[in-house]
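Please model the entire structure based on the sequences and the hints provided.
Here is how the chains run, residue by residue.
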Amino acid sequence: MATATEHAEHTEHEQHGLTDGGYIKVAVVLAVITALEVSTYYVDFGPFFMPSLMIMMVAKFIIVVSYFMHLKFDNKLFSFMFYAGLVLALGCYFAALATFQFFS
Amino acid sequence: MADTAVHAAHDVGHGAHVTSTGLSNNKLAMWLFLGSECLLFGGLISTYMLYRGRVANGPHPNQIYDIPFTSVSSFVLLMSSLTMVLAVSAAQRRNDQQTNLWLTVTALLGATFVGGQVYEFTAFYREGLGFTTSLFSSSFYTLTGFHGVHVTVGVIMLLVTRSIIQKNRVTRPNRWKLSVSTGTSSMWSGSSFSPSSTSSPPDVGGTLNEHGNGN
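Line order of the protein sequences matches chains A and B. Per this note's numbering, residue 1 is the first one in the first sequence, and the count goes up by one each step. Per this note's numbering, residue 1001 is the first one in the second sequence, and the count goes up by one each step.
By construction, these hints were calculated from the structure, which means they are not laboratory data. Note that the structure is predicted; figures quoted are calculated from it, not measured. Glycine residues also receive a C-beta, built at the ideal position from the N, C-alpha and C atoms. Any given hint might turn out to be false.
[Stated by the list, open to error] Chain B regions said to be covered by chain A (calculated; three or more residues, Cβ under 8 angstroms):
id, stretch
1, 1022-1034
2, 1042-1051
3, 1069-1080
[Stated by the list, open to error] Restraint-style ranges between C-beta atoms, simulated for each label pair:
id, chain 1, residue 1, chain 2, residue 2, range
4, A, Phe48, B, Ala1029, 40 to 50 angstroms
5, B, His1060, A, Ala84, 31 to 41 angstroms
6, A, Ser52, B, Leu1032, 27 to 37 angstroms
7, A, Phe102, B, His1060, 11 to 21 angstroms
8, B, Gly1053, A, Ala95, 15 to 25 angstroms
9, A, Ile55, B, His1060, 22 to 32 angstroms
10, B, Tyr1125, A, Asp20, 40 to 50 angstroms
11, A, Phe103, B, Ile1164, 45 to 55 angstroms
12, A, Val87, B, Gln1098, 33 to 43 angstroms
13, B, Phe1131, A, Phe100, 14 to 24 angstroms
[Said to hold, decoys possible] Computed list of lysine to any residue pairs in SDA-like fashion (alpha-carbon distance at most 25 angstroms, straight line):
id, chain 1, residue 1, chain 2, residue 2
14, A, Lys72, B, Asn1095
15, A, Lys72, B, Thr1021
16, A, Lys25, A, Glu37
17, A, Lys76, B, Ser1036
18, A, Lys25, A, Ser66
As structure tokens, this is what we get:
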């Protein structure tokens, strides 16, 4: 009996993150965002074309990293490691692109 | 702080060596690697953005990209993120059968993506877009090629992990430490999200939109 209880506690302890149903719901949200991204190719979004694409890209990135890569449920140090690299990369490449007058 | 302590206890509690951070060094190294991947792909994407309009010879991006095909490829890879996380979930429940099933499905979806990329590269080459045709083609093949290699390595890692589990070569207490729960999973999901996850990268700020609102 004690063994069964220990096993149940151990299983519960290991099971962090969403349930399978939760992951499927996240995937549906991602699929909808992807469909919206693709629709920008066929539907004229006018001046909202680029901002909408950028917002959807960032939303997908945060959802994938948080849920599918488990960062939301894990130690904050892992998030720091990953986002530090990301911020460093963005800083470097915005500077590099600006040097080549990409934004002008 | 309490959160950190709980996670640290969690990581160490699954057979990891005691570390100064209380976290698994393997897991920490994988996240450092993924952070460095941001730098790698950031460089490749920036180069592509700079050179996408530099076409002296050969076809322009809007002449060759097949958006419906690319959309399907992107969707396949996105779904592989789902099957990967389902494999991790099954591994956490210590359900080997489901773990192997989802790992196999993930590998198949990854292989489908890579196959699509090979098909697309072949089609582009036949349309006159070689690696050295233009600055655009060089940056395009380098960016998407690097991503394809990442996915291919991921597929191999998945199949090896599946084989290890199937042959029962990992003792149960060590299952949790298998890369399926940290490394492969994180790398796979990261790889499947990469902005170049479509064979043809989105023409950010470019000229692709058929309604001409891309610029």
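Hints, one by one, checked against the model:
A count of 6 residues in the stretch 1022-1034 of chain B with a Cβ less than 8 angstroms from any Cβ of chain A is obtained; the coverage claim is therefore met, three being the minimum. Under the rule that three or more residues need a Cβ within less than 8 angstroms of chain A, the assignment of the stretch 1042-1051 of chain B holds, with 6 such residues. Check on the stretch 1069-1080 of chain B: 5 of its residues sit with their Cβ under 8 angstroms from a Cβ of chain A, so the three-residue criterion for coverage holds. In this structure the hint that phenylalanine 48/A and alanine 1029/B lie 40 to 50 angstroms apart at CB holds, the actual value being about 41 angstroms.
The beta-carbon spacing between histidine 1060/B and alanine 84/A, approximately 37 angstroms, falls within the hinted interval of 31 to 41 angstroms. The supplied range of 27 to 37 angstroms is met by serine 52/A and leucine 1032/B, whose beta-carbon atoms lie about 33 angstroms from each other. In this structure, phenylalanine 102/A and histidine 1060/B meet the distance hint of 11 to 21 angstroms, their C-beta atoms being roughly 18 angstroms apart. Between glycine 1053/B and alanine 95/A the beta carbon distance is about 21 angstroms. The supplied range of 15 to 25 angstroms therefore holds.
Roughly 27 angstroms separates the CB atoms of isoleucine 55/A and histidine 1060/B, a value that falls within the hinted 22 to 32 angstroms. Evaluation of the 40 to 50 angstroms hint for tyrosine 1125/B and aspartate 20/A yields a pass: the beta carbon distance comes to about 41 angstroms. One distance hint, 45 to 55 angstroms for the beta-carbon pair phenylalanine 103/A and isoleucine 1164/B, holds here, with the actual separation near 48 angstroms. Under the hint 33 to 43 angstroms, the C-beta atoms of valine 87/A and glutamine 1098/B, about 37 angstroms apart, fit the expected range.
Taking 14 to 24 angstroms as the suggested C-beta distance range, the pair phenylalanine 1131/B and phenylalanine 100/A conforms, at roughly 22 angstroms. Proximity of lysine 72/A to asparagine 1095/B is assessed by CA-CA distance (about 24 angstroms); at most 25 angstroms being required, the pair is judged to hold. Straight-line distance between C-alpha atoms of lysine 72/A and threonine 1021/B comes to about 19 angstroms, which keeps the hinted pair within the 25 angstroms bound. Simply put, lysine 25/A and glutamate 37/A have alpha-carbon atoms about 19 angstroms apart, close enough for the 25 angstroms limit, and the pair holds.
As the CA atoms of lysine 76/A and serine 1036/B are separated by approximately 18 angstroms, the hinted pair is consistent with the 25 angstroms bound. This hinted pair checks out: lysine 25/A and serine 66/A have alpha carbons roughly 14 angstroms apart, not beyond 25 angstroms.
The structure agrees with every numbered hint stated previously.
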